[in-house]
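K.L.:
Those protein sequences? They're chains A and B, same order as listed.
Take 159 as the starting number for the first sequence in our numbering and just add one per residue.
Take 616 as the starting number for the second sequence in our numbering and just add one per residue.
In short, the hints are calculated from the structure, not lab data.
Careful, some of the hints might be misleading.
As the list claims (entries may be wrong) - Taking lysine-lysine pairs in the DSBU-like style, the calculated list, with each CA pair at most 35 Å apart, reads: (1) B/LYS711 to A/LYS514; (2) B/LYS961 to A/LYS369; (3) A/LYS369 to B/LYS1003; (4) A/LYS492 to B/LYS790; (5) A/LYS303 to A/LYS351; (6) A/LYS427 to B/LYS658; (7) A/LYS249 to B/LYS808; (8) B/LYS790 to A/LYS249; (9) A/LYS243 to B/LYS961; (10) B/LYS658 to A/LYS174; (11) A/LYS514 to B/LYS943; (12) B/LYS644 to B/LYS750; (13) B/LYS1003 to A/LYS492; (14) A/LYS306 to B/LYS961; (15) A/LYS249 to B/LYS644; (16) B/LYS711 to A/LYS492; (17) B/LYS1003 to A/LYS514; (18) A/LYS243 to B/LYS701; (19) B/LYS790 to A/LYS514; (20) B/LYS658 to A/LYS514; (21) A/LYS492 to B/LYS701.
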Amino acid sequence: MATPSDGKATDDDMFKIIKTSTNALGPRRARLALPGRRAIETPHYLGLTSRGIIPHVSQDNFESLMDVSGVYIALEDFIERAPQKVPAILKFARQRPVDPLRRFVALPDETLLVVGARRTPPLAAPAANSNTNTSVAISTAIGFKTLKAEDYAEDVELLKPDVVIGLGDIPYERALSSKRIEKAVDRQIQWLKDHVTSRQQVEAEDGTSCKLFAALLPVSCANQQYYIECLTGEARDDIHGLAVYDLETLSDLPESLSDLPRMGFNDSKTPHDILRNVALGIDVHAVPILTIASEAGIALDFDLSRQDRSSGILPLGIDMWLTGHATDLGPLAKGCTCYACTDHHRAYLQHLLNAKEMLAWVLLQVHNHAVMDRFFAAIRQSIDRGTFDADAEVFARAYEPQLPAQTGSGPRLRGYQYRSDHAGETKKNPKAYDAFTKLDTPDTVGTPDEAEVAALTGSIRPAEVK
Amino acid sequence: MPSAQPPDPMPPKPSALTFNLLARCSTTKARASLLTLPHGEVKLPIFMPVATQASLKGLTPKQLEDTGCGLCLNNTYHLGLKPGQKVLDAVGGAHKLQGWKGNILTDSGGFQMVSLLHLATVTEAGVEFLSPHDKSPMLLTPEHSISLQNSIGSDIIMQLDDVIATTSPDNARIKEATDRSVRWLDRCIAAHKNPESQNLFCIIQGGLDLDLRRQCCIEMVARDTPGIAIGGLSGGEAKDAYCKVVSTCTDMLPAGKPRYVMGVGYPEDLVVSVALGADMFDCVWPTRTARFGNAVTDFGVLNLRHASYAEDFRPVEEGCGCKICLPKDKGGLGVTRAFVYHTAAKETVGAHLLSMHNVFYQLGLMGRIRQAILEDRYPEFLKAYFQKLYAGEKSKYPDWAIGALKEVGVDLLQG
Ligand SMILES: [Zn+2]
Ligand SMILES: [Zn+2]
């Protein structure tokens, strides 16, 4: 029998608030524990997946080299042929109903799986594909599609993640007019009610269902009053948490919803943003900067509890593309104990990036997630000590406001990273090679330039003319 | 009181390996042996995955080690370009660079010069080529190739040889290349700074001319390198001609040294080449093909990017013991073909998963081959292997394999 003391949770104590701030809006400490999963001390973050895995991190590395407690998975990554064709993952779920999503993406038992409709951050749909009263626009591997609210509810319940984010009428990248808000509120209420009804059927058949987190519109609670009333009223017992898309929503969150865990899906681009989210009471954070930094060749290097302030304003990361690292056998970041920093060094990272080897992004992901693990651990300690506000202030002064700019090139852009607005658009990043790719050359080797050839041939003198 | 030893009248050439021949097949020329190199023992016959630029297609050195790999390749040409000799010297070689505790074999760089750089020509001095940048003439000498490989610090290094296509019709040129490769071996031996920590292998040349191959074997063997490679093959020659060359050479080579056939990696080629007496192989194919969604299995190559696998919930290869294929209750990941289909060509992880399976497959195949030789049932192994690969349809067996194995006493069509 699992008990909270061995790290596994029972059903009753899903979310326990350990320490809350005196004002309603403030940093808080809690524990999110779902049945069978590792209990997550909050504030914490979710690893963000693409097609079910954290980019560049195969499941064996996820298990053995990383310490990510939970991940966020977007349904839109799995349903490109729906509804014409039943997606493979749903067929899989019908054939193997035990923990099907986890089995399909092959992630460990202890990892918390959170599912939502859209990726984080999502690719905004072109205006022509907007949400309707019964559907949202989603971006799939084969272009924009619509996802019906009823299909969403049915699919996610079938996949049995630990947490499902209710479908939100979130107008990504677009402002909401008051008329549009009204419409969105109506939709949210309807979608939530329908989802709850469909869950009741699942529960009647299965005995269990995942935890439902209600998506809040990215406006203040006052501006979505009827929806909030629904959440505090008739739907109160059917929801287990909140998904927050804009911090404004927290400004007037009613007391009766305060004991629910809050997942933050506002687009935090820096650790400063994360600290602001924590300060306003987000418990679990979706953090897109990890993969973005890794693919940019940047090893994150920041620490809430760093004492050394002697060297002026510190950068938030180190650009591993810089040739200065070429012979540096030191770790990516001083004091880091991750696999990339203990088994490898900057010189290898620089070489891998320079040689366009995929392993560069693997090692950077391992490192950057380790930095984030420590950052959140320090945040929790800081809240426990009661020094969070002061620590965050010191951090804000100690570090640069932005991540270092990317100097080298990243992986080939994938479909979800850009929107093809025009037919016949040229490829996003053209091949950097052509003439010299034959036989044994790696797929990425380009034409060697003069300096490279000179480096290769070193002592070689110009050939004698015979 | 210890007395001074009299000097050995014939001091053995320095070598950084020991080779123990453990078993020979009583029918074919297959051998099982143990090769001890500076970074650990490896069991032969062996397949060596190619980590061209000090990295194996996105796998960590730890993942590579977990597949059971103890000896992989790096390419001198590529490491000479990136990170370059200066960096290699500064970081202390390729093992240090990539955090690899196992053994490394490097090629000479000459083959890639010739095949990658257009207009490369070979003179007695070395491989001459035009700088791709300003077309100024450059030269790779045997001495410089060895110097680069000394900087890389690989456990096995290869001589610079004069490589020409086996399909070349110019017999005089083939003869010249063969003789020159012998002369270059002498220059490589003289230039080699670390014979006590790095093993220099010679490379037998001679095109498809068996007499020339025999002569070359005599010359090369006389130079007593720690190991011997059979080169200039897998360049598009007919498979039966390939088999004749390998078989002719292994007949001429001393039993007490490892024999490496360069650039071979298709499973059929491996099982036949072992029967012909070869011990070591390398090829980029298993990992390169993984990037295109191809899984190597006992039943042939499956292209998991094909829509027919989208809803195939079986493991990549049923019964495979790799981390990817093993079911969850046996400590594996239980990844399905459908998941590989789902990620192949869309996320690098799709390629990583197949690379792991394919490398594991190749190493596992060599392990099964070795076990069969040790138990003296290699002919039975061969028959069963082809039977499975061609789903019992003997009419589909390739003629070259039937012919080559008949020469060493195995009739694939019998029994
Ligand atoms: Zn690290
Ligand atoms: Zn496998």
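K.L.:
Work down the list of hints and note, for each, if the structure agrees.
P.N.:
The hints, checked one at a time:
1. B/LYS711 to A/LYS514: Answer holds: B/LYS711 to A/LYS514 is near 19 Å, not above 35 Å.
2. B/LYS961 to A/LYS369: holds, 30 Å
3. A/LYS369 to B/LYS1003: violated, 48 Å
4. A/LYS492 to B/LYS790: Status violated; Cα separation ~58 Å.
5. A/LYS303 to A/LYS351: With Cα atoms ~24 Å apart, A/LYS303 and A/LYS351 stay inside 35 Å; holds.
6. A/LYS427 to B/LYS658: violated, 50 Å
7. A/LYS249 to B/LYS808: Given pair A/LYS249, B/LYS808 is violated - Cα atoms ~62 Å apart, limit 35 Å.
8. B/LYS790 to A/LYS249: violated, 63 Å
9. A/LYS243 to B/LYS961: At roughly 20 Å apart (the allowed maximum being 35 Å), B/LYS961 and A/LYS243 satisfy the hint.
10. B/LYS658 to A/LYS174: violated, 55 Å
11. A/LYS514 to B/LYS943: At roughly 33 Å apart (the allowed maximum being 35 Å), B/LYS943 and A/LYS514 satisfy the hint.
12. B/LYS644 to B/LYS750: Given that 35 Å is the threshold and the Cα spacing comes to 48 Å, the pair is violated.
13. B/LYS1003 to A/LYS492: violated, 53 Å
14. A/LYS306 to B/LYS961: The given pair, whose Cα atoms are some 25 Å apart, holds under the 35 Å limit.
15. A/LYS249 to B/LYS644: violated, 51 Å
16. B/LYS711 to A/LYS492: holds, 19 Å
17. B/LYS1003 to A/LYS514: violated, 38 Å
18. A/LYS243 to B/LYS701: violated, 57 Å
19. B/LYS790 to A/LYS514: Given that 35 Å is the threshold and the Cα spacing comes to 40 Å, the pair is violated.
20. B/LYS658 to A/LYS514: Holds, at roughly 32 Å.
21. A/LYS492 to B/LYS701: The given pair, whose Cα atoms are some 25 Å apart, holds under the 35 Å limit.
Checked against the numbered hints given earlier, the structure breaks hints 3, 4, 6, 7, 8, 10, 12, 13, 15, 17, 18, 19 and satisfies all the rest.
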